[in-house]
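Engineer: Read off the chains here:
4 protein chains.
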Amino acid sequence: MYPPVIQKLINLFSKFPTVGPRTAARFIFYLIKLPQEKFDEFLNSITNLRESIKICSFCFNPFDASANSEEKLCPICQNNSRDKTLLCIIEKETDLISIEKTKRYKGLYFILGGTISGLKKNDIEKLKIKELEERIKNPENFDIQGVDLKEIIIAANPTTEGEVTALYIERELKPLGIKITRLGRGLPVGGELEYADEETLGSAFEGRK
Amino acid sequence: MYPPVIQKLINLFSKFPTVGPRTAARFIFYLIKLPQEKFDEFLNSITNLRESIKICSFCFNPFDASANSEEKLCPICQNNSRDKTLLCIIEKETDLISIEKTKRYKGLYFILGGTISGLKKNDIEKLKIKELEERIKNPENFDIQGVDLKEIIIAANPTTEGEVTALYIERELKPLGIKITRLGRGLPVGGELEYADEETLGSAFEGRK
Amino acid sequence: MYPPVIQKLINLFSKFPTVGPRTAARFIFYLIKLPQEKFDEFLNSITNLRESIKICSFCFNPFDASANSEEKLCPICQNNSRDKTLLCIIEKETDLISIEKTKRYKGLYFILGGTISGLKKNDIEKLKIKELEERIKNPENFDIQGVDLKEIIIAANPTTEGEVTALYIERELKPLGIKITRLGRGLPVGGELEYADEETLGSAFEGRK
Amino acid sequence: MYPPVIQKLINLFSKFPTVGPRTAARFIFYLIKLPQEKFDEFLNSITNLRESIKICSFCFNPFDASANSEEKLCPICQNNSRDKTLLCIIEKETDLISIEKTKRYKGLYFILGGTISGLKKNDIEKLKIKELEERIKNPENFDIQGVDLKEIIIAANPTTEGEVTALYIERELKPLGIKITRLGRGLPVGGELEYADEETLGSAFEGRK
Chain A
12 MYPPVIQKLI
22 NLFSKFPTVG
32 PRTAARFIFY
42 LIKLPQEKFD
52 EFLNSITNLR
62 ESIKICSFCF
72 NPFDASANSE
82 EKLCPICQNN
92 SRDKTLLCII
102 EKETDLISIE
112 KTKRYKGLYF
122 ILGGTISGLK
132 KNDIEKLKIK
142 ELEERIKNPE
152 NFDIQGVDLK
162 EIIIAANPTT
172 EGEVTALYIE
182 RELKPLGIKI
192 TRLGRGLPVG
202 GELEYADEET
212 LGSAFEGRK
Chain B
12 MYPPVIQKLI
22 NLFSKFPTVG
32 PRTAARFIFY
42 LIKLPQEKFD
52 EFLNSITNLR
62 ESIKICSFCF
72 NPFDASANSE
82 EKLCPICQNN
92 SRDKTLLCII
102 EKETDLISIE
112 KTKRYKGLYF
122 ILGGTISGLK
132 KNDIEKLKIK
142 ELEERIKNPE
152 NFDIQGVDLK
162 EIIIAANPTT
172 EGEVTALYIE
182 RELKPLGIKI
192 TRLGRGLPVG
202 GELEYADEET
212 LGSAFEGRK
Chain C
12 MYPPVIQKLI
22 NLFSKFPTVG
32 PRTAARFIFY
42 LIKLPQEKFD
52 EFLNSITNLR
62 ESIKICSFCF
72 NPFDASANSE
82 EKLCPICQNN
92 SRDKTLLCII
102 EKETDLISIE
112 KTKRYKGLYF
122 ILGGTISGLK
132 KNDIEKLKIK
142 ELEERIKNPE
152 NFDIQGVDLK
162 EIIIAANPTT
172 EGEVTALYIE
182 RELKPLGIKI
192 TRLGRGLPVG
202 GELEYADEET
212 LGSAFEGRK
Chain D
12 MYPPVIQKLI
22 NLFSKFPTVG
32 PRTAARFIFY
42 LIKLPQEKFD
52 EFLNSITNLR
62 ESIKICSFCF
72 NPFDASANSE
82 EKLCPICQNN
92 SRDKTLLCII
102 EKETDLISIE
112 KTKRYKGLYF
122 ILGGTISGLK
132 KNDIEKLKIK
142 ELEERIKNPE
152 NFDIQGVDLK
162 EIIIAANPTT
172 EGEVTALYIE
182 RELKPLGIKI
192 TRLGRGLPVG
202 GELEYADEET
212 LGSAFEGRK
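First to last, the sequence lines map onto chains A, B, C and D. Numbered according to my numbering, the first sequence spans residues 12 to 220. Numbered according to my numbering, the second sequence spans residues 12 to 220. Numbered according to my numbering, the third sequence spans residues 12 to 220. Numbered according to my numbering, the fourth sequence spans residues 12 to 220.
No wet-lab data here; the hints were simulated from the structure. These numbers were taken from a predicted model, which means no experiment stands behind them. Any given hint could turn out to be false.
Any copy will do: because identical chains look the same in the list, a pair fits if it lies in one copy or spans two.
To be verified - Calculated pairs, DSS-like style, for lysine-lysine (alpha carbon to alpha carbon, straight line, at most 25 angstroms):
(1) 190 x 220
(2) 19 x 44
(3) 103 x 65
(4) 220 x 185
(5) 114 x 19
(6) 161 x 95
(7) 131 x 117
(8) 190 x 44
(9) 132 x 95
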């Protein structure tokens, strides 16, 4: 129904997270009608993104390396005031931002790159488990200094997929002999006892203070 | 639009929790079409409810007193295997059931009968604060034996209303010198880091284990 | 978990339309705490309902017969200013109220008592198809006067179930040789072209005016 | 919190329709991790979009002009089998696609470019009302042939905004003396009588067939 040059771009935008064909079409009509200078600004920003951004060699967090193209670590891994005895394993980049916003965690991160649903070989291969183990065993091989891990926090979502992933990681990391913890469960802000499941409410009782 | 006898009952059903006029109308057509014996069963059950149910003199939990009309305590308050050093203050009857289902709390309860929104005099008067203080100070005056409180858990919802209520109760109970706790916060089962607010996620980090 | 006298009533309320066990429990605690005079008012209203309400012998609409216990027709069927050439077949009592509120239909009704999902024998037997045919063929047998049907409107929901039911009724009534119509389709108030399905939007084009 | 090069692009993506900062961030991490050849394909598609797409001089529909850069009309306006006595005024490009999919309209279109909310001067100026009038009066000035309008369909959404816009256009076009129609209202596929507003249900009765 659409001209091929539009349909092609609908297909590409439809692969973006959360985007379906209807939204993709709206993106395209938005781009078509954008004033030329705004369009160029958008195009340049995307081009610059790939040129400026590098992936941190320790934690896989993307960072801006345009100031120093030799830099291999993200600002968090470079920061000497972070607590280098703590490592928090997260699923994806935006989880890191969510946690930083709380200002209650001062340790290091590791971005795993996904979750396991079920225990499909395919899903497991996508996770950076091997990379994780290497960094825990020999952090000094990854351009970072002063790492002395005493606790590994598996910050998986308390969903079925997150649980399966956390259990898998826990089993893999156990032989390393470092304390492994998980995020506390309880009632979220705005939640109600009445709609809480038994596990959540039980944890809220145990974690009372 | 409806005959008065129906409209009257729509008005009464509309005062039931969660029921609006549209649902009330459907209740009535359901009742009209119920076979006579089912209708009588419903009517008898409602009549018996008021005759059999008494309110526990210690915790305000409704219980079935038809076996022993002299009984003043609900089965939980009567139960000697409950931990009588713990008192959990809850908003309403269904919260007690939610907590009992977790099987992780073995103490006593007190049903407060509502929450404070804002700090309206009207709302505060509806709460059984005075009754609560009397029971904490002199439990033996309320037909219960062996109470020796060491901890009072304010199981308020982590909503704005619940917070205000919890703060108010805490202030009232502080002079009694008993340890006061609240339910632990954290990620609920099925929740996702990405959508958690900063307070919830921060608590989840602090409550890790 | 609940005393049997409460659990029994939870089970009965759970059979009310739209009510689940959690809501049923809240109904019961509401009833327990109702002041005695309010409780008696509720009980009396329910008792009176069954005594006052009769089902119209022509259209199956419930009506208040307390003023005249001999009356067999509802106010609509009794009303000589209604257009007795039109009969509108509806699923349930509340649909009649919805249509009356529009003030744009002045004919008679017939309450079918359900819809067919799939074409299950069980569902079909619950519908008053035989009663419908009898009333169309010989309305004078059902206490109503002056009926001279020229059009039968099948006011089924434009859902899959409603469609199946409408097709079934249409096939049953066709031999009677009376014009059969359906409600017009189009965009509802508040709807948007963008989210309309093709059938709805196509009908909106054909029904433009 | 994000590096400036990422934050800049988050801001730009946040201006896309339906996109907020959280989704924008996910878009960027998606782009960062895209394999180089996929990234180049995306970039080329966007660049080509602006070079290939022209806006139809009659109806403002974007079309692919890469085959013939002299072409001024979109395929619909060029198509001699379309009914050139009908003009359908729509809000935006995706509405045209929605209508084409129904296969029940064979006339011409005009994309108005927005709706009026309230009657703000600002909103009105964004609409192509002047352009619309010019095309209705002198279609031959806009590269199109054989236009002989007998009916103008205002295909506004049946929302408050859409109604205001339709009334405004109707008032502007009335002096031209061409028949003006609107889309038919009624029950949408999947709708239910019970939840239909009175206007929609009334229209459904009037539009029965």
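Engineer: Give a verdict on every hint.
Structural biologist: Results of checking the hints against the structure:
{"no.": "1", "hint": "190 x 220", "verdict": "both (24 angstroms within a copy, 10 angstroms between copies)"}
{"no.": "2", "hint": "19 x 44", "verdict": "both (18 angstroms within a copy, 20 angstroms between copies)"}
{"no.": "3", "hint": "103 x 65", "verdict": "within (16 angstroms within a copy, 40 angstroms between copies)"}
{"no.": "4", "hint": "220 x 185", "verdict": "between (30 angstroms within a copy, 15 angstroms between copies)"}
{"no.": "5", "hint": "114 x 19", "verdict": "between (43 angstroms within a copy, 23 angstroms between copies)"}
{"no.": "6", "hint": "161 x 95", "verdict": "within (9 angstroms within a copy, 40 angstroms between copies)"}
{"no.": "7", "hint": "131 x 117", "verdict": "neither (33 angstroms within a copy, 41 angstroms between copies)"}
{"no.": "8", "hint": "190 x 44", "verdict": "neither (56 angstroms within a copy, 32 angstroms between copies)"}
{"no.": "9", "hint": "132 x 95", "verdict": "neither (32 angstroms within a copy, 52 angstroms between copies)"}
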